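Residue 13 in numbering that gives the first Met the number 0 is what sits at position 14 of the sequence shown, and the numbering runs on without skipping anything.
Treat each hint with caution, since some may be false.
[As the list claims (entries may be wrong)] Derived CB-CB ranges, DEER-like:
1. Trp-52 x Gly-4: 34 to 42 angstroms
2. Leu-17 x Pro-38: 18 to 26 angstroms
3. Ser-5 x Ser-33: 34 to 42 angstroms
4. Leu-17 x Leu-45: 14 to 22 angstroms
5. Thr-50 x Gly-12: 30 to 38 angstroms
6. Leu-1 x Phe-54: 20 to 28 angstroms
7. Val-47 x Tyr-22: 15 to 23 angstroms
8. Gly-24 x Thr-50: 29 to 37 angstroms
9. Ala-51 x Arg-26: 39 to 47 angstroms
10. Tyr-22 x Leu-45: 43 to 51 angstroms
11. Met-14 x Tyr-48: 32 to 40 angstroms
Hints are computed from structural coordinates only; laboratory data are not their basis.
Remember, predicted model here, so these are calculated numbers, not experimental data.
For every residue, glycine included, the Cβ atom is placed at its ideal position computed from N, Cα and C.
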Amino acid sequence: MLETGSILFFSFGYMGLLFAIAYFGDRHADIGRSIISNPYIYALSLAVYCTAWTFYGSVGR
């Protein structure tokens, strides 16, 4: 079984990663270089959105 310390470590690490990604995106938007204009990022986000929608849409049926 997982220990409480390791669960907390990975939870805070994951939250830190999410905040770092958000900070990176905001910093690039402030200087006028939006990360959304990158075609690879757009394609990846579209793939994640469609995969999640397909999975959760099919589970509800």
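Using the C-beta atoms of Leu-1 and Phe-54, is the stated range 20 to 28 angstroms upheld?
Because 25 angstroms falls inside the window, the suggested range holds.
For this session: Mind checking the hinted window 14 to 22 angstroms against the Cβ distance between Leu-17 and Leu-45?
Result: holds (20 angstroms)
| said: Tell me if the beta carbons of Ala-51 and Arg-26 are separated by a distance inside 39 to 47 angstroms. | reply: violated (27 angstroms)
Quiz item: For the pair Ser-5 and Ser-33, does the Cβ-Cβ distance stay inside 34 to 42 angstroms?
Solution: holds (37 angstroms)
Query raised in the report: Lying within 43 to 51 angstroms: is that true of the beta-carbon distance Tyr-22 to Leu-45?
Result: Cβ of Tyr-22 to Cβ of Leu-45: about 23 angstroms, so the range 43 to 51 angstroms is violated.
Do Gly-24 and Thr-50 keep their Cβ atoms within the hinted range of 29 to 37 angstroms?
The hint (29 to 37 angstroms, Cβ to Cβ) is violated, given that Gly-24 and Thr-50 are roughly 21 angstroms apart.
Regarding Val-47 and Tyr-22, is the given constraint of 15 to 23 angstroms on their beta-carbon distance met? Holds, since Val-47 and Tyr-22 (Cβ atoms, about 20 angstroms apart) stay within the stated range.
#### Entry: Status of the given 30 to 38 angstroms range, CB of Gly-12 versus CB of Thr-50
Given range 30 to 38 angstroms: violated, Cβ gap about 24 angstroms.
For the pair Leu-17 and Pro-38, does the Cβ-Cβ distance stay inside 18 to 26 angstroms? Since Leu-17 and Pro-38 have Cβ atoms about 23 angstroms apart, the given range 18 to 26 angstroms holds.
- Item | Beta-carbon spacing of Met-14 to Tyr-48 - inside the hinted bounds 32 to 40 angstroms or not | At roughly 22 angstroms between Cβ atoms, Tyr-48 and Met-14 fall outside 32 to 40 angstroms, so the hint is violated.
I want to verify a distance hint. Is the separation of the beta carbons of Trp-52 and Gly-4 within 34 to 42 angstroms? Distance hint for Trp-52, Gly-4 holds at roughly 36 angstroms.
Of the numbered hints given earlier, the model fails hints 5, 8, 9, 10, 11; all others are met.
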